[in-house]
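**Student:** Start counting the sequence shown at 284; every next residue gets the next number (my numbering).
Check the hints yourself; a few may be wrong.
With a straight-line cut-off of 30 angstroms between C-alpha atoms, the simulated BS3-like cross-links for lysine-lysine are [said to hold, decoys possible]:
#1 Lys392 <-> Lys446
#2 Lys342 <-> Lys446
#3 Lys392 <-> Lys457
#4 Lys392 <-> Lys358
#5 Lys358 <-> Lys342
Since the hints were derived computationally from the structure, they do not count as laboratory data.
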Amino acid sequence: MGARVRTFDAARSYGQAEGFLADWLHRRDIDPGAATISSKWGYTYVGAWRLDADHHEEKSHDLQTFLRQWDASRKVLWSHLDLYQVHSLTLESPLFEDVALLEALAARKQEHGISLGVTVTGPRQRETIERVLSTAVDGVRLFDSIQATFNLLEPSVAPALEKAHGEGMGIIIKEPIANGRLAPGRTDGKTAFLEDAAQARGVSIDVLALSFVLSFPFVDCVLSGAVTRVQLESNLRALSRPWDGSDAALAA
Numbered sequence: 284m285g286a287r288v289r290t291f292d293a294a295r296s297y298g299q300a301e302g303f304l305a306d307w308l309h310r311r312d313i314d315p316g317a318a319t320i321s322s323k324w325g326y327t328y329v330g331a332w333r334l335d336a337d338h339h340e341e342k343s344h345d346l347q348t349f350l351r352q353w354d355a356s357r358k359v360l361w362s363h364l365d366l367y368q369v370h371s372l373t374l375e376s377p378l379f380e381d382v383a384l385l386e387a388l389a390a391r392k393q394e395h396g397i398s399l400g401v402t403v404t405g406p407r408q409r410e411t412i413e414r415v416l417s418t419a420v421d422g423v424r425l426f427d428s429i430q431a432t433f434n435l436l437e438p439s440v441a442p443a444l445e446k447a448h449g450e451g452m453g454i455i456i457k458e459p460i461a462n463g464r465l466a467p468g469r470t471d472g473k474t475a476f477l478e479d480a481a482q483a484r485g486v487s488i489d490v491l492a493l494s495f496v497l498s499f500p501f502v503d504c505v506l507s508g509a510v511t512r513v514q515l516e517s518n519l520r521a522l523s524r525p526w527d528g529s530d531a532a533l534a535a
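Could you build all of it, start to finish, from the sequences and the hints given here?
**Tutor:** As C-alpha cells, then:
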C-alpha cells in the first residue's frame, strides 16, 4: 500500500490466493474500500498442489459453478470483495445464452452492491468484448468492467477497449509484460530490439512496456503481474517515465 498499489486481483482457481489476500488485508488492518479487491469465478483448481499435475484448472461457466464459487469467495473476502469477474470469457462460453445464470449474476450484483466484470483472452478478444457490451438483464447492461490482454506485442484490442471505455466500462489491463516476454533479461529474437531500445532510453524493458500501456486514456488499471519486491519497484518506475513521441515507432 505504501507503494501506491491500491488494486489486488485474485481468482478462485489461483490456489489459496483469496485466502492469502484476505489474511494480508486483516493483518494490515485495511478497511473495505481502502483498496479495490477483485476476484474471478469460472475455473476450479484441481492440481492438488502438485507441479507435475496433468491439469491444474477446469473451466466451467455454468450456474452451479458460479453459485459455489460466489459463496466461497464471499466467505473468504466478505465485504472486501468489490469486483467479481467471469474468468476467461470467450464467444463460445455458454454464459451468454444461460438466462438463469445471467439473472443470478444480476441478483447478486444488486443485493450486494458489487461490480461485475469479465476477463477476456485469445485472438477473438474484440468480438467477445462486443458481445459483453450487449449483454443485459431486464434492459440493463450486466457487466461493469473488462480485463483484457494488451501490450506492446498485442495492441490490436485497443479500439475495442476504447469503445468499451467510452460506453462507461472500466478497463483493466492484464499481461502488460506479455507473460514475461517483456521482462528484463527475458527477451527473445523477436523482442530483443525492445530491450535495446529501453536501455538506450535509460530504463528497463518492463518500464517501457508499462509506459506504453499507461499512455492510453482508456486504461483505468494495469495489473503488472509482479511477484517480487524487485519486480514491483521496477514496474512502478513506469509511473514517472511517460511514453512519448520518440517511442511511437516501437509499437508499430
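**Student:** Look at each hint and say if it fits the structure.
**Tutor:** Evaluated hints:
1. Proximity of Lys392 to Lys446 is assessed by CA-CA distance (about 24 angstroms); at most 30 angstroms being required, the pair is judged to hold.
2. Of the supplied pair hints, the one linking Lys342 and Lys446 holds, its CA atoms being roughly 28 angstroms apart against a limit of 30 angstroms.
3. Annotation: proposed proximity of Lys392 to Lys457 holds, straight-line Cα distance about 23 angstroms (limit 30 angstroms).
4. Using a Cα cut-off of 30 angstroms, the hinted pair Lys392 and Lys358 holds, with the two alpha carbons roughly 16 angstroms apart.
5. Distance check on the hinted pair: Lys358 and Lys342 sit about 21 angstroms apart at the alpha-carbon level, within 30 angstroms; holds.
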